[in-house]
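Single-letter residue listing:
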Amino acid sequence: MNQSEQLSNTANDQLHDLTSPLLQQVIDAWIELKTQQPLVHIMTNTVASNYVANILLAAGASPAMIDNPFEAESFASIASAINLNLGTPTSEQMQAMQIAAQTAQNLGKIWVLDPVGYGAVLKWRSDMADLLLQYQPTVIRGNASEISALAGNQIQAKGVDSTVSSESIYLQAQPLFEHTECIAISGESDFILSKELNAVIQINGGSYLQPKITASGCALGALTAAYCSVSSTITAGTMAAHIHFAIAGKKAYARANTAGSFNVAFLDEIYSLNEEDFRQYSDFCILPL
Amino acid sequence: MNQSEQLSNTANDQLHDLTSPLLQQVIDAWIELKTQQPLVHIMTNTVASNYVANILLAAGASPAMIDNPFEAESFASIASAINLNLGTPTSEQMQAMQIAAQTAQNLGKIWVLDPVGYGAVLKWRSDMADLLLQYQPTVIRGNASEISALAGNQIQAKGVDSTVSSESIYLQAQPLFEHTECIAISGESDFILSKELNAVIQINGGSYLQPKITASGCALGALTAAYCSVSSTITAGTMAAHIHFAIAGKKAYARANTAGSFNVAFLDEIYSLNEEDFRQYSDFCILPL
Amino acid sequence: MNQSEQLSNTANDQLHDLTSPLLQQVIDAWIELKTQQPLVHIMTNTVASNYVANILLAAGASPAMIDNPFEAESFASIASAINLNLGTPTSEQMQAMQIAAQTAQNLGKIWVLDPVGYGAVLKWRSDMADLLLQYQPTVIRGNASEISALAGNQIQAKGVDSTVSSESIYLQAQPLFEHTECIAISGESDFILSKELNAVIQINGGSYLQPKITASGCALGALTAAYCSVSSTITAGTMAAHIHFAIAGKKAYARANTAGSFNVAFLDEIYSLNEEDFRQYSDFCILPL
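Protein chains in written order, with full-length UniProt numbering: chain Y, 1 to 289; chain L, 1 to 289; chain P, 1 to 289.
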């Protein structure tokens, strides 16, 4: 074992020791979500809006879709967290997003950026995502194609779906730490890059049916905003949202393995999840960056 | 017993005598809804639109979401009823709403206003709601926070969710009779203020899961419009929509007590409700104002 | 038997001989859809967007709702097929649709027009539908009222629902062959007019509950676009989408006969359909035009 391997092992051990405390923070965040029912200001796409609202209500948060430029500042000012999703932008929504992001930064509010479809083909939204980075999103959440492209890599997505795996690109995402504390990349496993811990957390679970239900990524972004507004750290809040989804997806699939029934079961499991589930089914590991 | 108590008792007795005839009017309205399948012109928010359409189809109405200013007048002119919902307004929708409300008033059409999120924080839509009042909505429907604020009280909502109970504010809503014949306040119990009867009807039922499903209030507003276009009186139509919801919610919860399954069961029950259910499960009382 | 009857019988026999090869083409299209997962560029209405995306994902396609004028050209250029649906147009969507249709025509891409609500009452969208015809949609899909009106007949729809049967109007639709190769009219039975075969294909199946679920026509239009991008002929692709729906509707109804449960079961059946189902349950006949 050479010196570099020894250092790495020490880092691994230290991170491994974080597993229990992080799980406790995740559970605490879940309890706080149920208790505080934080108001989440959401600007999302027309495909996702109903689903996102139902997921947040089921989880215990209080979602409100306010996406016009005339109310963006006043509503962002009273919300506990903000989620901006670039799925189907309109000119008015674009104005509203910039106002909300600026308000969030000015007031030190939690806000989550979801750069849906980021890449060369969808330039209008991609330019807006670049612009929104200057308002320092608390968390950036997307699929592997989006995050990789946002971090400056040349990548070709398939529409709004990813063509690469989360595992293969998470190291490419680190330049985004210039703009954010936390980067969440969803996929077969989810990878959460934490500036605070200088580590990446790999979260397993979910179901291969999840990408067959539209807008689950969008809902995850909004839930991340909700959790981060009540958690002790941004890392724990982001983890809590992703673990909540991973366990609900796994349990839903055990009950229902076709698209329609899975969709219903997933919302049931998001609603029903309890502390015991978190302790029993959380499946994550922490790796050094 | 003093004279004032005697008067009140007399009023109570007279109102109590209305229970059976009102229930019959409600059932008649339900039969007419199934028979006439009234065309309802709906402008609603992006969160609610799919759900509202499915609820109305299940109940027997024919919904059509037409929300641009270029077709608002011609479509309002042929619709049986109109429902304007301020959930996620755009500039074009705002124009369209004003045109539709004006058309409704000019042609003496049933129209229902749902002032989602009314209050100081969401000024743009609140100004529009104030403006729309001049076109004399047939029914105003909202949660307790919205109705109280619309009636001129200082109240703080939590986003688009209410922070006060329907029971505690219904007396505050009476100034709205200047603009409308009927005010429906949804909550744990619903309260319908009828100018015609000079009474308030309290409707019990539903499920505590209902607020966990987004857009059920929005769907209730649209269904109220549908019912009022076929009922003998506005009071009976508004009651019919609320009782239809209350029974369906109660029956759905008996079958399914988690968010996703409840959502599906609720649509099933809206569809399946029959005359027997109305007679068996209607739970309302009439109180003097 | 006179000469004319003999000719007609010969035509009937020749068309009847097409039944087996057409079914094989339909099955081949279904296999290709699962394999290629074509990217479908969709501009649709706010009522339908979530449902349409879920149906396409369940069937195996990759939907993306991109409906702003700033990204319409670049995205249409990379998509395998395009679906333009006039359900709830906005000014920006209208611009985007024209750009996408023009791009489709320039690049020889499959594109499907769904003229929701076409008729005298909804003039703004109807003018746009007329305009879009010049870009030669590959397929025009609608209900009987819409298709009849688009073909120049005086007809009165009820909002966005049809007031006439598909069977009664399909002969009126033939003038649309000036603009398209294929016309699909949905209803109790679906009728697909094929310029290639100079025939109409009648497809049976589905369920009377289908019109009780909003946006199933919209989803069928988008699925038609998906199928046509992978099928050997436009006729086979259009048939495949309609047969996929007809079988899924029939099987779903056998499991669930109320609106909410049917909705879930239908998505399940869209997802689960297999080659055996196509061979067992396809129910169509081919008639001369």
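Just to be clear, a hint being listed does not mean it is correct.
As a list, the in silico DSS-like pairs of lysine-lysine whose alpha-carbon atoms are at most 30 Å apart [claimed, not checked]:
1) P/250 - Y/212
2) L/212 - Y/34
3) P/123 - Y/250
4) P/212 - P/250
5) L/250 - Y/34
6) Y/34 - L/158
7) L/250 - L/34
Everything labelled a hint here was simulated from the structure, so no lab data went into it.
Please read these numbers as outputs of a predicted model, since none were measured by experiment.
**OP:** Measure nothing beyond the straight line between the CA atoms of residue 250 of chain L and residue 34 of chain L; if it is 30 Å or shorter, mark the hint as holding.
**Re:** holds (21 Å)
Original post:
Are the Cα positions of residue 123 of chain P and residue 250 of chain Y separated by 30 Å at most?
Top reply: violated (49 Å)
Original post:
CA of residue 250 of chain P to CA of residue 212 of chain Y, is that 30 Å or under?
Top reply: holds (22 Å)
**OP:** Take a quick look at whether residue 212 of chain L and residue 34 of chain Y sit within 30 Å of each other, Cα to Cα.
**Re:** Holds - the C-alpha atoms of residue 34 of chain Y and residue 212 of chain L are around 13 Å apart, at most 30 Å.
Original post:
Has the given pair, residue 250 of chain L with residue 34 of chain Y, been kept, meaning a C-alpha gap of at most 30 Å?
Top reply: holds (24 Å)
Subject >> Pairwise hint evaluation, residue 250 of chain P against residue 212 of chain P, where the allowed Cα distance is 30 Å at most >> reply: Holds - the C-alpha atoms of residue 250 of chain P and residue 212 of chain P are around 14 Å apart, at most 30 Å.
**OP:** Assess, step by step, whether the Cα of residue 34 of chain Y is no farther than 30 Å from the Cα of residue 158 of chain L, and give holds or violated.
**Re:** holds (15 Å)
Violated hints amount to a single one, hint 3; each of the other numbered hints is respected by the structure.
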